[in-house]
Amino acid sequence: MALDSKIPKGPLADKWTNHKNNIDLVNPANKRNIDVIVVGTGLAGGSAAATLAELGYNVKAFCFQDSPRRAHSIAAQGGINAAKNYQGDGDSTYRLFYDTVKGGDYRSREANVYRLAEVSANIIDQCVAQGVPFAREYGGLLDNRSFGGVLVSRTFYAAGQTGQQLLLGAYSAMNRQIGRGKIKMYNRHEMLDVVIVDGKARGVIVRNLVTGEIERHSAHAVVLGTGGYGNVFFLSTNAMGSNVTAAWKAHKRGAYFANPCYTQIHPTCIPVSGDHQSKLTLMSESLRNDGRIWVPKKKEDVMAIREGRLKPTQITEENRDYYLERRYPAFGNLVPRDVASRAAKERCDAGFGVNATGEAVYLDFASAIKRYGKEQAHIKGLNENDEALVKQLGQEVVKNKYGNLFQMYEKIVDQNPYETPMMIYPAVHYTMGGVWVDYNLMTTVPGLYCIGEANFSDHGANRLGASALMQGLADGYFVLPYTIGDYLADDIRTGEIPTDTKEFDEAEKQVKDNITHLINNNGSKSVDHFHKRLGKIMWNKCGMARNAKDLESAITEIAELRAEFWKDVKVPGTDLEYNEELAKALRVSDFLELGELFAKDALLREESAGGHFREEYQTQEGEALRKPEFQYVAAWEYKGEPKDAVLHKEDLVYENIKVKERSYK
Amino acid sequence: MNLTLKIWRQKNANDKGKMVDYPISDVSPDMSFLEMLDVLNESLVEKGEEPVAFDHDCREGICGMCSLYINGEAHGPDRGVTTCQLHMRMFNDGDTIYIEPFRAKAFPVIKDLIVDRGAFDRIQHAGGFISVNTSGNTIDANAIPINKEDADTAFEAATCIGCGACVATCKNSSAMLFVGAKVSQFALLPQGKVEATDRVLNMVKQMDEEGFGNCTNTGACEVECPKGISLEHIARMNREYLTASLKG
Numbered sequence: 001m002a003l004d005s006k007i008p009k010g011p012l013a014d015k016w017t018n019h020k021n022n023i024d025l026v027n028p029a030n031k032r033n034i035d036v037i038v039v040g041t042g043l044a045g046g047s048a049a050a051t052l053a054e055l056g057y058n059v060k061a062f063c064f065q066d067s068p069r070r071a072h073s074i075a076a077q078g079g080i081n082a083a084k085n086y087q088g089d090g091d092s093t094y095r096l097f098y099d100t101v102k103g104g105d106y107r108s109r110e111a112n113v114y115r116l117a118e119v120s121a122n123i124i125d126q127c128v129a130q131g132v133p134f135a136r137e138y139g140g141l142l143d144n145r146s147f148g149g150v151l152v153s154r155t156f157y158a159a160g161q162t163g164q165q166l167l168l169g170a171y172s173a174m175n176r177q178i179g180r181g182k183i184k185m186y187n188r189h190e191m192l193d194v195v196i197v198d199g200k201a202r203g204v205i206v207r208n209l210v211t212g213e214i215e216r217h218s219a220h221a222v223v224l225g226t227g228g229y230g231n232v233f234f235l236s237t238n239a240m241g242s243n244v245t246a247a248w249k250a251h252k253r254g255a256y257f258a259n260p261c262y263t264q265i266h267p268t269c270i271p272v273s274g275d276h277q278s279k280l281t282l283m284s285e286s287l288r289n290d291g292r293i294w295v296p297k298k299k300e301d302v303m304a305i306r307e308g309r310l311k312p313t314q315i316t317e318e319n320r321d322y323y324l325e326r327r328y329p330a331f332g333n334l335v336p337r338d339v340a341s342r343a344a345k346e347r348c349d350a351g352f353g354v355n356a357t358g359e360a361v362y363l364d365f366a367s368a369i370k371r372y373g374k375e376q377a378h379i380k381g382l383n384e385n386d387e388a389l390v391k392q393l394g395q396e397v398v399k400n401k402y403g404n405l406f407q408m409y410e411k412i413v414d415q416n417p418y419e420t421p422m423m424i425y426p427a428v429h430y431t432m433g434g435v436w437v438d439y440n441l442m443t444t445v446p447g448l449y450c451i452g453e454a455n456f457s458d459h460g461a462n463r464l465g466a467s468a469l470m471q472g473l474a475d476g477y478f479v480l481p482y483t484i485g486d487y488l489a490d491d492i493r494t495g496e497i498p499t500d501t502k503e504f505d506e507a508e509k510q511v512k513d514n515i516t517h518l519i520n521n522n523g524s525k526s527v528d529h530f531h532k533r534l535g536k537i538m539w540n541k542c543g544m545a546r547n548a549k550d551l552e553s554a555i556t557e558i559a560e561l562r563a564e565f566w567k568d569v570k571v572p573g574t575d576l577e578y579n580e581e582l583a584k585a586l587r588v589s590d591f592l593e594l595g596e597l598f599a600k601d602a603l604l605r606e607e608s609a610g611g612h613f614r615e616e617y618q619t620q621e622g623e624a625l626r627k628p629e630f631q632y633v634a635a636w637e638y639k640g641e642p643k644d645a646v647l648h649k650e651d652l653v654y655e656n657i658k659v660k661e662r663s664y665k
Numbered sequence: 001m002n003l004t005l006k007i008w009r010q011k012n013a014n015d016k017g018k019m020v021d022y023p024i025s026d027v028s029p030d031m032s033f034l035e036m037l038d039v040l041n042e043s044l045v046e047k048g049e050e051p052v053a054f055d056h057d058c059r060e061g062i063c064g065m066c067s068l069y070i071n072g073e074a075h076g077p078d079r080g081v082t083t084c085q086l087h088m089r090m091f092n093d094g095d096t097i098y099i100e101p102f103r104a105k106a107f108p109v110i111k112d113l114i115v116d117r118g119a120f121d122r123i124q125h126a127g128g129f130i131s132v133n134t135s136g137n138t139i140d141a142n143a144i145p146i147n148k149e150d151a152d153t154a155f156e157a158a159t160c161i162g163c164g165a166c167v168a169t170c171k172n173s174s175a176m177l178f179v180g181a182k183v184s185q186f187a188l189l190p191q192g193k194v195e196a197t198d199r200v201l202n203m204v205k206q207m208d209e210e211g212f213g214n215c216t217n218t219g220a221c222e223v224e225c226p227k228g229i230s231l232e233h234i235a236r237m238n239r240e241y242l243t244a245s246l247k248g
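If you're matching them up, the sequences are chains A and B in order. Counting in the numbering used here, the first sequence runs from 1 upward without gaps. Counting in the numbering used here, the second sequence runs from 1 upward without gaps.
Derived from the structure by calculation, the hints contain no laboratory data. Just so it is clear, the structure is predicted and the values come from calculations on it, not from any experiment. Hints may be right or wrong, so weigh each one.
Which chain B residues face chain A? A few, computed with CB under 7 Å, are given here [stated by the list, open to error]:
(1) Met31
(2) His56
(3) His125
(4) Asn133
(5) Ala151
(6) Tyr241
Ideal placement from N, C-alpha and C gives every residue a C-beta, glycine not left out.
Isolated chain B (complex conformation) (with noise of 0.2 Å):
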């Protein structure tokens, strides 16, 4: 296939930035769109341009790190993937192909395809965990029985990988999603109820601060997550929320 790429690029934080094309030929349907970029990258090494930064590491869908707005999409046309996982199949021959970084006022551009998501650690350093020490003097595993049907609500919460397509897809940058599917993890299992008062208050606090917008029920991040994660968490955050704030 040949190819029309526009890319963002943006020298650091403080620059402008602007789309630039690169053409790219042979590009084979069986590539990840990561290693089409990879040849284009390699390509303008031998040129002696700077190659695109983007970011990356395990390519195979699970630790979150790429993000890229592919065509108008955080992670492409396909779906229930990540950038790394999307293959260039999805692609027609002379396709003119769109990339831009998440773009959100809590993710500041690095450089290039490269966004600063530190505002997802904030929020989990404010209450993303179960206050237990890990020195394993814990009651056995098994003297708390769950129920199978929370427990694996609470694991497809916990699917989440923290990449930020539903920040970069939502109209409003809400993180509406990803705090949701933390608290919806702990609020479904025994050891998290202890809590979960402080928990929800304090993290959905940080979400504020950092500049996430809000909620209006488009549903949009449900669409584009690359695990699916569902909508649901976000009511149920909204009803530990509110019970929370009652408590107060």
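Isolated chain A (complex conformation) (with noise of 0.2 Å):
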């Protein structure tokens, strides 16, 4: 099947309004008689159920976790993004579109881009009507923060929880409309395949987490909303439970899946601190502001400091060595993710880390606190040569901005950020690739939609700080009850759709199959002793430095320890009943072909960009090497084993902005 990614006629500006105007609509009586499926309740599942119910459709929507509240969009920390220019500083959705394609490596699609760029501004509309309190100035009006690699305050932001903020308003909306019976919510349930009929999404099996009972639901489309896959990763900033589960069935019954190996390694997280670790956590961007990232310039120090003689307040400034200021003094500690991260690992490999296992820089805040803390000092008209106060100071306008993260921070390391310089180190976090969508967000399977970041369309290689949350409410609330009309409308006159049909019966066999082997399988060996070799080939093959060697084992390691999960797993307690073990067997067992997948993207890809990064790639100062050859989006075809998926190419086109090298400098 060739690829047609839709994207409307016209000049850039228009295209939304344009298609807008020309696709078909449902009337509001004909949308009483259809369904529609929403899995997954964060900021795009759970504001698209809102709206499509708004709207009139009957919506079902599920979630594993225990309430929709608790979908992993509540942990996005720093802000979002929308090119408001409330700050007068020069932004337009021009720029913020030029922003986002930049950032993004030149690998993203522009028509896609530019809408999310046109719609910003009215997310923050919607969600200061719903009651999300943003941060505001003392004159009542909202106050904007910058991110990385832009150079505007357009972020939005709620102290350090703006992703918890804005989940709040967006299930506040669900709740309101579960309330009026048009969402039916099934919480503690997960998708477990989708289900085509004569070519359509037409349902999806799940699982009751609580009494472990299949459950067939028919709908006339089906939308996704299930984030992202980083958990491939075993550690990374995502939640325990976040999976691939939904996306890779949907990959299985049809649906590309584009540029998997496009990563989002985060420079800011907390280091790993022993084998028993679970996650990682994040420290959002937002402390970038205002922190700044350094190692001692003599290794002398840094040994020092390793063996625990030397305190890093004890290195004076002319030891230390800034290295983002100093490779990169226009954009600074802003530069974007992926380019601090390589940053911070290039420090790191050459044996500048600062903690026990050499995986540590500093991101330190005592220059902001000595600036902020100057600036109250004269407003108030104190002595601003006093040490002591001007410190407490500036401790309080830090703790105002940044108070939950240095909280978080202490309670994990158990030191205190106020006093001494974070240490900080990569770790996975967000998953640019996904699901293909066409202009529409539909995949290739009629029917099928795919919005947030379980879609791959809005951040090419790279996303930018506070874009995902602009995504996902973008997606839910403004883009997809529109696209998604102009499908159902040939749907009017269908009918509910039966569950008794053979699509089903088949589709849960194969899911019971699925799980009677796990069950019975008898193995010896624990699904996290699986998923953490996993993770562990992922990140030293596919991570933050790849080569085809590398990649190429990578594959073959990952088959033979998905054909050895398959043989010695072992699933304690029985498929009827509340039983996490085999909650998560299910999970991993699907990163296990997922994994498979992303390397072989990787190694397809002879270029780098962005979060991808091929060691054979890069310009002789170390930067990303892109490649005008492979100016496409990678959507790859399932035919079985993973390894033989087959390519499809989407070419992208710039006709908006040129393509040039990606410049922080």
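Each of the two chains sits in its own frame; use the hints to bring them together as a complex.
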């Protein structure tokens, strides 16, 4: 099948408006006869479910957590971008579009990104109307801050809990519809397959995680808002339950999977402390507004720090290497995430890491505390030269801005970041790759839609900070509710989709067979054992720096590990009860397939772009070397084993932006 | 560290349940409490026993999924943290640790340490929202200036993670802090004032129907709340409720 992205004709700025004017609509009376399934209740799924229900469709929403409010969007910290230009610092729809395409290293689709920038301002209006308590200035208007890879302040925030506040906004919109009976909510239910009838997505098979029962649910369309697949690395900033299963099952049923190798390794996370580690914790990128990143200049200082003979605060300014400010003077500490992560790895690989494992750099707030303290002393007419006073005043300002993050750090690391610099290291955070969708957010399976992080469309090879929340809500509130109508307009006479058909029988049987195999396997090793081994292969061979030899061996190793998993995994308990080991086993079985495709995709892409860095393709200065012949989306079609997947290319055309070397110098 | 864990095991909602002892050795002080339970579960699986079921997801103190009543305290002995942020350095070698589910009539046990907190969702369905359409055709966000102090207080109320520690710790199993936080958030914002009367009446009615107890101002909820939600929100809800009742 040829890939048709269905990008509307006409000038970039008019595409979305023209498209909305020309697509089919479903009248309100007919919407009552149409069912839509939404899987996942994060920013994308939650906002989509609420909006579709409000429009009049009958929505069934599913989440594996005990409440839709717990979806992992809740953990997003720093903020949400919008081209409001409230600060009057030169922002515009075009500039947000430009920054996002450039930030994505020219590997995203122009029309989608422009639409995202276009609807971004509306998101803020919508959220404020819903009662989302964004940070405000003393005049009562909304405050902004800056994020990596941009030169304006367009990020709206609610302390370090922006994701929480936005998700609770979407959750409240859902609650209103659940109360009205327009959304039927299924908590603690996990989607295990999508059901295709006559070539169209018409339902899902889910497992009730409390009783273990397998259920069939039908609808006229299915929407996946099931998040990213960072947990293929075992250790990531994702929640423990975050998984690829829904997206992967869709892939196995015909949805192409695009650019799986585009993974974002976030530069500011708390370093790994030991083998018991179950997940990694992010320290918001917003900290780079005020924190300065450095390592010692001298190796002997590094050794002294590692051995506990020297404290970071004892190292004088001239002996510190603020390497981001040194290498990238224009953007300094606010370079994009991929650049900041690679720079940290470069310093640590060179032997300048500042903890026992050698994998940590400092994020230091001392200068910010001093700067804010002086400002406060000046405002209050106090002595600007009183160091203790300035420090105290400065710490108060920093506490107001980042208090919850500092507290989180202190609880985990047991060090006070107001007094000593934080230690940070890059960790897997976000996946730009995902299910391929066209301009309407429909996958290659008719009637199957994919929104938010689960799709691939807007961030290219690297996502800019505060853009994930923007995309999730744009897709769910403002894009999908229009585009899905165009498809559903043909279904007004279809009537309810029956679930007692051979297609549902077949899908359910496959799910049950898998479960029966796992429960009766009687192997010798736990699910986590396999998941951790997969994570090690991924991190070592498909991580921050990749090369052909490692990727080839990763493909073989993952296939072998998968075979071993099915033979030797041990799942205690039974299928008809609450059984977390079984739920985990089903998720890991899909990660074991995705991982192989991931490595295959990374091997194909003989260039470096954004989060995908191939050691063979770099400039003399060690920057990513992009190649024009790879200016396409790699969309993979499932053909049995992941390594046999067939490549389809969607060429990326840039008519409104000049493709050039991405420089932050 | 070597520890003795006394853990509540209950096969399902109908099972009576009991405390079971589990010795655990070589616990690192840098582990989180849940990572310690991961280690225990890994060893149980290896022995062919059923692992201990507990709720958890984000493991960074924000999703509100984790619970646990540890040595008689919701989310354990540390302050301002959820169980997933609690670290083993809070305990000493040789300690015995009691681990129970959040107990309340309105939170029935599903299995072991997992409880059903659906009652919280149902209270939100009754009124935890502002009735605006999600069309985006609202007024410009800066058309409604909001006093910074009110906006900040509304935000503090809105940081509730819905974990249920307030209910678990209250001798009456009251949900007043949880409900008060939501009512308060909207009561402080001009956008929320329009429906204030119905909201507080409907949410309180649902709270009572779910079987939560009453508030007797002991303040234990505020102490155990991992997000430090203040009792002032209960007071504000009471004022809102009184005003709404008089309007009737």
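Restraint satisfaction for His125 (chain B) [CB to CB of chain A, less than 7 Å]: holds (4 Å)
Chain A contact restraint for Asn133 (chain B) - C-beta distance below 7 Å: With a minimum Cβ separation of about 6 Å from chain A (threshold 7 Å), the hint on Asn133 (chain B) holds.
Proposed interface contact between Ala151 (chain B) and chain A, which counts if any beta carbon pair is under 7 Å: holds (5 Å)
Interface restraint verdict for Met31 (chain B) against chain A (beta-carbon cut-off 7 Å): holds (5 Å)
Chain A contact restraint for Tyr241 (chain B) - C-beta distance below 7 Å: Constraint on Tyr241 (chain B) not satisfied, violated at 19 Å.
Minimum beta-carbon distance criterion (7 Å), His56 (chain B) to chain A: For His56 (chain B), the interface hint holds, since the closest Cβ of chain A sits about 6 Å away, which is under 7 Å.
Hint 6 from the earlier list is the only one contradicted by this structure; the remaining hints agree with it.
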